[in-house]
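Participant: So the protein lines, in turn, are chains A and B. Numbered per our numbering, the first sequence spans residues 2 to 115. Numbered per our numbering, the second sequence spans residues 10 to 120.
Calculated directly from the structure, the hints in this document are not laboratory data. Some hints here could point you the wrong way.
Across the chosen pairs, the derived CB separations fall in these ranges [said to hold, decoys possible]:
| hint | chain 1 | residue 1 | chain 2 | residue 2 | range |
| --- | --- | --- | --- | --- | --- |
| 1 | B | Met63 | A | Pro84 | 42 to 48 Å |
| 2 | A | Gln23 | B | Asn76 | 29 to 35 Å |
| 3 | A | Glu60 | B | Ser37 | 18 to 24 Å |
| 4 | A | Met20 | B | Asn27 | 41 to 47 Å |
| 5 | B | Glu48 | A | Thr115 | 38 to 44 Å |
Listed below are several chain A residues computed to face chain B (Cβ distance under 8 Å; list not exhaustive) [said to hold, decoys possible]:
| hint | residue |
| --- | --- |
| 6 | Gly41 |
| 7 | Gly43 |
| 8 | Leu44 |
| 9 | Leu46 |
| 10 | Gly54 |
| 11 | Tyr102 |
| 12 | Glu103 |
| 13 | Gln104 |
| 14 | Pro108 |
| 15 | Gly109 |
| 16 | Leu112 |
Beta carbons: idealized from backbone N, C-alpha and C, even for Gly.
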Amino acid sequence: NAGVTQTPKFQVLKTGQSMTLQCAQDMNHNSMYWYRQDPGMGLRLIYYSASEGTTDKGEVPNGYNVSRLNKREFSLRLESAAPSQTSVYFCASTHGSTSSYEQYFGPGTRLTVT
Amino acid sequence: GESVGLHLPTLSVQEGDNSIINCAYSNSASDYFIWYKQESGKGPQFIIDIRSNMDKRQGQRVTVLLNKTVKHLSLQIAATQPGDSAVYFCAAGGGYSTLTFGKGTMLLVSP
Chain A
2 NAGVTQTPKF QVLKTGQSMT LQCAQDMNHN SMYWYRQDPG MGLRLIYYSA SEGTTDKGEV
62 PNGYNVSRLN KREFSLRLES AAPSQTSVYF CASTHGSTSS YEQYFGPGTR LTVT
Chain B
10 GESVGLHLPT LSVQEGDNSI INCAYSNSAS DYFIWYKQES GKGPQFIIDI RSNMDKRQGQ
70 RVTVLLNKTV KHLSLQIAAT QPGDSAVYFC AAGGGYSTLT FGKGTMLLVS P
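Throw the hints in and build the complete structure from the sequences for me.
Facilitator: Below is the structure:
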């Protein structure tokens, strides 16, 4: 049981390049999330998927797109990277039932845009 | 919406002391609260959670206290150890299943 996995662990992009961050969970969770973490800012929600087939914007969605490929996988795409998107990106998942809202986090992707 | 804040960005304690980390939230409709620990270079890890129908919950060496009247929660760590050094986040949420995170308090434990 690997939990939540993210690839890649590190990435350096030039301004204007595109890339997709991959996330997968093997806990049969319904809901998945993408956050960014900047120094002194805590975790801010970019997009989430409450269930397979649905996606919704979070607090900071501009410049990002997401795809809930299936129940296991939730990807985050940067179409034209900007230096302001330099951050650590975390994917998380939760069962999505009212019994628990605990979110399980992946190890993160450290992205630098130059 | 919800906003979540922590009172202190850094807390320094001696090994063996009890640590108390505080958090405030703004939305009285929030009914679920959770504490995470984040070590350097890793993702946040669950510590303990509490629902709004409780005012105290205990885990192993940790206790969360919830005061809904003043919209405040705290995390108490008993007999703090060097391995407890990390950033601690509180988060608040509810039935809409998203969480709003605070900015974090860095706990520094010295021997």
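Participant: Please go over all the hints and tell whether each is borne out by the structure.
Facilitator: Evaluation of the provided hints:
Separated by about 44 Å at the C-beta atoms, B/Met63 and A/Pro84 satisfy the suggested range of 42 to 48 Å. Checked against the given bound of 29 to 35 Å, the beta carbons of A/Gln23 and B/Asn76, roughly 41 Å apart, lie outside it. The supplied range of 18 to 24 Å is met by A/Glu60 and B/Ser37, whose beta-carbon atoms lie about 20 Å from each other. A C-beta distance of roughly 45 Å is found between A/Met20 and B/Asn27, which places it inside the suggested range of 41 to 47 Å.
Roughly 28 Å separates the CB atoms of B/Glu48 and A/Thr115, a value that falls outside the hinted 38 to 44 Å. A cut of 8 Å between beta carbons decides the hint on A/Gly41: the least distance to chain B is about 6 Å, and the hint holds. Below 8 Å, beta-carbon pairs count as interface contacts, and A/Gly43 has one with chain B at about 4 Å; its hint therefore holds. Below 8 Å, beta-carbon pairs count as interface contacts, and A/Leu44 has one with chain B at about 4 Å; its hint therefore holds.
For A/Leu46, the suggested interface contact is upheld, since its CB lies about 6 Å from the closest CB of chain B, less than 8 Å. Nearest Cβ of chain B to the Cβ of A/Gly54: about 16 Å, over the 8 Å cut. The hint is violated. About 5 Å separates the beta-carbon of A/Tyr102 from the nearest beta-carbon of chain B, less than 8 Å, and the hint is met. Against a cut-off of 8 Å between C-beta atoms, the interface hint on A/Glu103 holds, since the closest Cβ of chain B lies about 5 Å away.
Interface hint status for A/Gln104: upheld, as the beta-carbon distance to the closest one in chain B is roughly 6 Å, under 8 Å. For A/Pro108, the interface hint holds, the least distance from its beta-carbon to any beta-carbon of chain B being 5 Å, beneath 8 Å. Interface restraint check: A/Gly109 against chain B, minimum CB-CB distance 5 Å, threshold 8 Å, status holds. With a least beta-carbon distance of about 14 Å to chain B, the hint placing A/Leu112 at the interface is violated under the 8 Å criterion.
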